[in-house]
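For the record, the sequence lines run as chains A and B. Residues in the first sequence are numbered from 1 upward in steps of one, following the UniProt record's numbering. Residues in the second sequence are numbered from 1 upward in steps of one, following the UniProt record's numbering.
Don't read these hints as lab results, they were simulated from the structure. Among the hints, a few may not be true.
Since the list can't tell identical chains apart, any single copy or any two copies may satisfy a pair.
Here are the simulated DSS-like pairs of lysine-lysine, each with C-alpha atoms no more than 25 Å apart in a straight line [claimed, not checked]:
#1 Lys-268 x Lys-208
#2 Lys-208 x Lys-330
#3 Lys-335 x Lys-157
#4 Lys-469 x Lys-335
#5 Lys-416 x Lys-436
#6 Lys-335 x Lys-106
#7 Lys-375 x Lys-436
In this text, all values refer to a predicted model and were calculated from it rather than measured experimentally.
Number of protein chains: 2
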Amino acid sequence: MANMANSEACASALELFNSITTQGEHVRALKARNASKDEIDSAVKMLLSLKMSYKAAMGEDYKADCPPGNPAPGINHGPEATEAEEDFVDPWTVQTSSAKGIDYDKLIVRFGSSKIDKELINRIERATGQRPHHFLRRGIFFSHRDMNQVLDAYENKKPFYLYTGRGPSSEAMHVGHLIPFIFTKWLQDVFNVPLVIQMTDDEKYLWKDLTLDQAYGYAVENAKDIIACGFDINKTFIFSDLDYMGMSPGFYKNVVKIQKHVTFNQVKGIFGFTDSDSIGKISFPAIQAAPSFSNSFPQIFGDRTDIQCLIPCAIDQDPYFRMTRDVAPKIGYPKPALLHSTFFPALQGAQTKMSASDPNSSIFLTDTAKQIKTKVNKHAFSGGRDTIEEHRQFGGNCDVDVSFMYLTFFLEDDDKLEQIRKDYSSGAMLTGELKKTLIEVLQPLIAEHQARRKEVTDEIVKEFMTPRKLSFDFQ
Amino acid sequence: MANMANSEACASALELFNSITTQGEHVRALKARNASKDEIDSAVKMLLSLKMSYKAAMGEDYKADCPPGNPAPGINHGPEATEAEEDFVDPWTVQTSSAKGIDYDKLIVRFGSSKIDKELINRIERATGQRPHHFLRRGIFFSHRDMNQVLDAYENKKPFYLYTGRGPSSEAMHVGHLIPFIFTKWLQDVFNVPLVIQMTDDEKYLWKDLTLDQAYGYAVENAKDIIACGFDINKTFIFSDLDYMGMSPGFYKNVVKIQKHVTFNQVKGIFGFTDSDSIGKISFPAIQAAPSFSNSFPQIFGDRTDIQCLIPCAIDQDPYFRMTRDVAPKIGYPKPALLHSTFFPALQGAQTKMSASDPNSSIFLTDTAKQIKTKVNKHAFSGGRDTIEEHRQFGGNCDVDVSFMYLTFFLEDDDKLEQIRKDYSSGAMLTGELKKTLIEVLQPLIAEHQARRKEVTDEIVKEFMTPRKLSFDFQ
Chain A
1 MANMANSEAC ASALELFNSI TTQGEHVRAL KARNASKDEI DSAVKMLLSL KMSYKAAMGE
61 DYKADCPPGN PAPGINHGPE ATEAEEDFVD PWTVQTSSAK GIDYDKLIVR FGSSKIDKEL
121 INRIERATGQ RPHHFLRRGI FFSHRDMNQV LDAYENKKPF YLYTGRGPSS EAMHVGHLIP
181 FIFTKWLQDV FNVPLVIQMT DDEKYLWKDL TLDQAYGYAV ENAKDIIACG FDINKTFIFS
241 DLDYMGMSPG FYKNVVKIQK HVTFNQVKGI FGFTDSDSIG KISFPAIQAA PSFSNSFPQI
301 FGDRTDIQCL IPCAIDQDPY FRMTRDVAPK IGYPKPALLH STFFPALQGA QTKMSASDPN
361 SSIFLTDTAK QIKTKVNKHA FSGGRDTIEE HRQFGGNCDV DVSFMYLTFF LEDDDKLEQI
421 RKDYSSGAML TGELKKTLIE VLQPLIAEHQ ARRKEVTDEI VKEFMTPRKL SFDFQ
Chain B
1 MANMANSEAC ASALELFNSI TTQGEHVRAL KARNASKDEI DSAVKMLLSL KMSYKAAMGE
61 DYKADCPPGN PAPGINHGPE ATEAEEDFVD PWTVQTSSAK GIDYDKLIVR FGSSKIDKEL
121 INRIERATGQ RPHHFLRRGI FFSHRDMNQV LDAYENKKPF YLYTGRGPSS EAMHVGHLIP
181 FIFTKWLQDV FNVPLVIQMT DDEKYLWKDL TLDQAYGYAV ENAKDIIACG FDINKTFIFS
241 DLDYMGMSPG FYKNVVKIQK HVTFNQVKGI FGFTDSDSIG KISFPAIQAA PSFSNSFPQI
301 FGDRTDIQCL IPCAIDQDPY FRMTRDVAPK IGYPKPALLH STFFPALQGA QTKMSASDPN
361 SSIFLTDTAK QIKTKVNKHA FSGGRDTIEE HRQFGGNCDV DVSFMYLTFF LEDDDKLEQI
421 RKDYSSGAML TGELKKTLIE VLQPLIAEHQ ARRKEVTDEI VKEFMTPRKL SFDFQ
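Only chain A is shown next, with the shape it has when bound in the complex:
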């Protein structure tokens, strides 16, 4: 009987294991075909609940490569490994079950990039003679590829250029969307180099239920917010793919070159495309890759193909550039270097990236001072205790507190930030006080952005978006 019961338990555990595998595939498929957030969320919930049942039944976590009764030797079964395995990062979906957000150290290992360490930050400081941006000091830009090579070139007076971009899926941009642009502007200033900014309106047309005109309209509106970050009009070219493809003698040629050297198998592996995906989606990665090569911009770089590109972007965009770096030597171009940022957390917590379609998930660039106050007070996930007494006694948890996380992004004063961390952790500072500090940082920041954006006329946008020479001093 004991044996019988045991074998029954095994059968049921195996069934559960198989259900998890199936449900996991289902989630991946939903993500790959860009299903609605609701649909994905509910499938993920089901998956997590199956995993909980499994853990309850088996006394250990579900492991994809280890069916019940078949423990894989040497694999770490600890809770940390499990947590990291549940992180999912690709250009369309970022998902983690940890309130601290994605485990970035594990992501570096998984993606094969390098950590931005103290040594590299010091080298940037030496090369530019400028104090490193607080995004570097605080690990918000935390990972890189070949940044040392860019610095070698820079120190030898060899040229490089910056490339970043945005997928204009709606008119609404939130503060999180500004992170790469704030940092890119700093890079442009301290290195004094040209910059190209790609608006992937074609991508948004392909992935979303938008018309071409809508996607292009969003590109132009978003360009205004980007310009409001303060980019130098003489050193910056912003382009919509839909527009620039039909204006550039170099862009399409590089797109075709890249497309010749990437197979469906490769994009399937990198991006999770399936046979049911449109050929537009399948070939799009080449369009995001092409600006990594300088002769995609003959008006700026002529026919030079040897100018190194440096791409500051959120880490979820890395798959595109892993592909690009794989192709580059095959077509005789240098590999682009990268600087990766962490994700900006949603007000509700670091488990997900913010959504431009949920107005309460973040602070939008159009929010009034009052809206900012209300949103922070009402929606910002708190690491505080349930009662003031408990909070005073045990202190708050900065690692999961969204207001504190936002301050690491926007409060420039290191000493003040450290003081807040100490006071909140010790319980000396209450959640209401922490939120008040954030509100007082965000309100002027957004108001100033809005004032600068108002100054951005249609003529200015047009000039930024006109293919033209940029002023820089290359050898």
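Once you've looked at the hints, dock chain B against the given chain A.
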């Protein structure tokens, strides 16, 4: 023992059957990945020899859907069905085992197009007031889609435009390549409509071992031969994809629209692409499709999307336009109409299309009078008998005689052609005399082409290839 032998025979027949299936898949795979002609030919030979063994063993032809001992009821097992089944037609490969060439009636059924019948030819004559071109009279343009709709529009004074193209895989063009252009020029003349000609240099770059510059160079060289066909410079726009994509505000937008509405599954089904194909190949069909829609040419048609397109082309290009016609209603555009031609046979026989890489497989546009004479005399497959005596007694076979086939393309005089057919079939005309007639037709035709091509200066090519208004009278 009898039973035993029987079951042994069955096993061996089944093994043979499976070998044929495997070899057939191998041939398809070679074709799909554009293997060398030699490689494909040798695999096809092996396939045919396996099929012969099978027939010898089983007393009946190999049928893909009918393994030995499992006859599928209701399927026609006659030799005709078998012959047609061995025809293979896609944009990269045309293969048949019949010396008469492809069975075009079966192709019409398989592709779902319509036969160009006497009634349609009469209607074209009434609409244009011109005697139908001998390519129509002789069934060289033999199939169509929606030609009646084009004529309805034309009779109601509604506009349409012509679109044809060429894949510039080398500088060398042969007489067979001129067929669609000769016919398109006639259509342009009798209907007085604008024409766009696509040079798919991007396709050739993607499929062949060429650089972008080589592919573009071939496009320009081939354009000269096309212009030498006599197109009206005021009504004709010739474009290289590599060039025009970066010059047109409308082309890429239509490409993306099409790419959004076609899945990998669909192009896999239509073109036989596999997961190992480049994403360039996979997305290319949208680029051949886009010129079917008038707003791909804003310089000619403005933003009008309602102008019907008529595409004269060889039938092997039909898969592209089946896909295009499938997409058109989804993106709010009219379906293009088509006129399909048969294939121009190689000198060695109608089993294959000619190859630009084999100088003896056809008459090239650069051949001298002497080369033409030698090639026809030496290489043109003859339907004559082994000896003069036999020929006089039994007559020659025009159905397989390549010289006679070439005359149906290039000898305009119907009466003279009919007389030759009678005389050769009866044995009154010998092979040498038939070949002499062909040589006398081809020599001046090629010489005149060469003279006209000499007149085509770089400036003229440049003007044909410059996006510009065309002169036409649309309502």
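Structure-inconsistent hints, enumerated in ascending order: none
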